[in-house]
Amino acid sequence: MSTNHNAMEEDEVVISANHLAAPAATTATEETSDKPEFGPISAKELQEKRKELRRIRVPPHRFSPLKRDWLKIYSPIVEHLQLQIRMNPKSRMIEIRTCEETQDVGSVQKAADFVRAYCLGFTVEDSLALLRMDDLFLDSFEIKDIKTLNGDHLSRAIGRLAGKDGKTKYTIENATKTRIVLADSKIHILGTFQNIKIAKNAISNLVMGSPPGKIYANLRIIASRMKGRF
Amino acid sequence: MGKKRATAKATKAPGALAASAAFGQVVPESFIEKFIDSPGSFIVPTAEARDAAMEVVSRTYDAANMTEKYGLFDSWNAVINSGFDPNVQLWELINVRNEPVLKSTADTMKELTQLLESVESDESSSESSDNDMDVSDEQQEAADLESAESELESESDAEQSDDQIVNSGQDTSEDESEEESNVKPSAIDDKFFSLAEMEKFADQAEEEEEIYQAALAGSYSRQNQEDDEDDDESSDDESIDLFQDHGNDDEDSDTDSKHADELMYDDFFKPPKGSKRGKAKKALERHAKRVKFDPNLVESDEESEVEPEVEDGPTVLPQNRTSNLFEDDEEDKAVSDGKSDFERRQEKLQGLIGKLEDEAVAPKHWSMIGEVSSNVRPQNSLLAEDMEFDHMQKPVPVITHDATVTLEDIIKRRILNEEWDDVERKKDIQAKPFKPSEFIELNDKQSKKSLAEEYEAEYMAQKAGDAFVPESDAKLAESHKDVDSQMRNLFTQLDALSHFHFAPKPAATDIEIRTNVPALQMEEKLPVSMTQADQLAPSEIFEKRQPKAGRTGDLVGDTEMSREDRKRRRQRKKNEKKKQAATKAPTAKASS
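In the order they appear, the protein sequences are chains A and B.
The first sequence begins at 1 in the UniProt record's numbering and counts up by one.
The second sequence begins at 1 in the UniProt record's numbering and counts up by one.
Just so you know, these hints were derived from the structure itself, not from any lab.
Don't take every hint at face value.
[What the hints assert, rightly or not] List of simulated lysine to aspartate or glutamate pairs, EDC-like, C-alpha gap at most 20 angstroms: (1) 449(B) with 69(A); (2) 177(A) with 438(B); (3) 110(A) with 453(B); (4) 227(A) with 473(B); (5) 177(A) with 454(B); (6) 167(A) with 444(B); (7) 227(A) with 453(B); (8) 449(B) with 165(A); (9) 110(A) with 456(B); (10) 177(A) with 453(B); (11) 227(A) with 466(B); (12) 227(A) with 471(B); (13) 177(A) with 471(B); (14) 227(A) with 262(B); (15) 177(A) with 456(B); (16) 72(A) with 453(B); (17) 167(A) with 441(B); (18) 463(B) with 165(A); (19) 197(A) with 454(B); (20) 448(B) with 69(A); (21) 164(A) with 444(B); (22) 186(A) with 139(A).
Given only the sequences and the hints, what does the whole structure look like? Please build it.
Put into structure tokens, the structure is as follows:
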């Protein structure tokens, strides 16, 4: 038999069911005990089994605004997303939880992002956009990521970013349809991916030292391009 | 004075020559001897001289009157007795009488001299010796003059002398034609015109005049004549002898046989000098004449022209005819060798062949070689060559008179038609409408819309597509509308003011909400426009309730209703109230 085998193997590769069946049978019997078996899961089960909880910490400077806007925050979450939300004042955390009424699995994430955006410093209305649109993102970076600046330079950079009465910041916001939050040396941008990129570019240039006039010119060009005119 | 004049006029004959018998009749020899040969006798006037002169005058007068040729006047006696003033009138009459006579005698004298010359030349051996001709001509003329005094009554003599020299006349013409060739053609010469001939003619005319004057003056002498005519080469070529018999004339056919309308130029005139026809005719003539062998030609001088008889074709001309450009030169060269035609042709061909061979063998001209650089060709040789090459630039316009004229015409036309070439501003055909939304303006204020609202607006705009009108555009359109309406209003008012005839305002569709409010309606006398009266329809004022079956929906007053009706009404009211209360209650509950 072994010789037969060898001969067969040398001449040609022949796969026959017999050969296969035998070893398969043997392995099956051996390994059934080790690996778990998963059957298909039903949609209900999927829903039921997913009980998510998210905790978002509220920074101290956002406490009082949160108290003011609490209604506006929880209303869309509860009404539209069918989630459960609560504020834990002791730990200063906002907790969001799914319940039976929750229909969409991804709504928890959305709600969490919404709250997080608010906690970062964006207004409720701006943050609401996150809930309504899927393709809005939040980008955060620091000035020291762009350029290492110390002391006065840093302050000046921040001043350049903001502009007089926030002129420059608002210009960038209006031109690129984003929202920017300047928190000392941290910069948060809310908007679509492309707009974030443009805003980030503008901010980087400002940090690097280009005059605002140049930024305005570039923004104008970009705005016209975005409008669809050439 | 008068006497002297008379004598001068009377004596036609030049000097004291040998007088003919006829002459002697008129003018006695004694008179001549006494008065003409010795002019001293006239210094002191004598009666004898006067009488003799008068007699001569009378005789000549009567002699002239004899023939009709000179015109017929009254006889001398009649003239004397007519009572003419002897100082002036008489002599004028005699002058008139003598004029034609003098003229005719001068002419005949000339002719006779010529004829005499020809006669003498014929007598001499050589025809073509011009010098002899000249001499003979002179002699002939002299002889003629000698015999010319008797012209008054001897016209037949002229005719006789003419007959004698018929043949010579032809020779003279021949010689004359040969002599023509000696004359050099000038710049203005033509087929018909020859300057030399004209000069000759003029000279001859002058001489005639001279002779005439000399005849009048009485100073004619043979010697003078000879001296004068030494210069004169030949006789007049063109003079046609009127009395000559034209029977031997080869040139022209007999003109008498032709009809009047058949006569051509050639019948009367010789063909002009230089014409081929003339040459041909001459050749023919000469050929005809030279049929008989003329020994004169063989003995002729080398200077003179030699014409071999073998040659056929146009006549060969003497060497001194160098200025004629149109004659074949080769014929001149070929004359001297005496070879045959074939030989000459062969020689020519051989010469040509030799030339061509040399050309073929010799090195080529530099322009035929091919590509040639400047070393190969001689200096400045390109200037002589006609070269063709493309010019890369536009050729400079040559300003000619025509060019300027055309240019000026163009300018004038353009000015008149006002076709200017001014640059006109381009108008944008597809003018873009002004939209404020398309202006990119960076807003540096905090945006009033939140991010969500902004994206919402964007989404709505995208959804609407073309229907979407941005805010700013809408505002602009509204303001435009407002302005439009105001202006229209204004213009209609102005038009109404400026028109003669009234035209009412056009009715514009206007949506108005009319409430069913009773208002005081003012009646207007002039139904010019619709008043703001209530225009609601009666049914709109009062709407009937839906009547039940068997009842009308009219309003019923209190007094009109019966007891049952009143009750029924009350019940209805109560039921309605109950219903209302019931609906309100559960909602209240639900709300709490």
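Quick rundown of the hints versus the structure:
{"no.": "1", "hint": "449(B) with 69(A)", "verdict": "holds (18 angstroms)"}
{"no.": "2", "hint": "177(A) with 438(B)", "verdict": "holds (17 angstroms)"}
{"no.": "3", "hint": "110(A) with 453(B)", "verdict": "holds (18 angstroms)"}
{"no.": "4", "hint": "227(A) with 473(B)", "verdict": "holds (15 angstroms)"}
{"no.": "5", "hint": "177(A) with 454(B)", "verdict": "holds (8 angstroms)"}
{"no.": "6", "hint": "167(A) with 444(B)", "verdict": "holds (5 angstroms)"}
{"no.": "7", "hint": "227(A) with 453(B)", "verdict": "holds (18 angstroms)"}
{"no.": "8", "hint": "449(B) with 165(A)", "verdict": "holds (18 angstroms)"}
{"no.": "9", "hint": "110(A) with 456(B)", "verdict": "holds (18 angstroms)"}
{"no.": "10", "hint": "177(A) with 453(B)", "verdict": "holds (11 angstroms)"}
{"no.": "11", "hint": "227(A) with 466(B)", "verdict": "holds (15 angstroms)"}
{"no.": "12", "hint": "227(A) with 471(B)", "verdict": "holds (15 angstroms)"}
{"no.": "13", "hint": "177(A) with 471(B)", "verdict": "holds (17 angstroms)"}
{"no.": "14", "hint": "227(A) with 262(B)", "verdict": "violated (110 angstroms)"}
{"no.": "15", "hint": "177(A) with 456(B)", "verdict": "holds (12 angstroms)"}
{"no.": "16", "hint": "72(A) with 453(B)", "verdict": "holds (15 angstroms)"}
{"no.": "17", "hint": "167(A) with 441(B)", "verdict": "holds (14 angstroms)"}
{"no.": "18", "hint": "463(B) with 165(A)", "verdict": "violated (36 angstroms)"}
{"no.": "19", "hint": "197(A) with 454(B)", "verdict": "holds (19 angstroms)"}
{"no.": "20", "hint": "448(B) with 69(A)", "verdict": "holds (18 angstroms)"}
{"no.": "21", "hint": "164(A) with 444(B)", "verdict": "holds (10 angstroms)"}
{"no.": "22", "hint": "186(A) with 139(A)", "verdict": "holds (11 angstroms)"}
The structure fails to meet hints 14, 18 from the earlier list, while all remaining hints are met.
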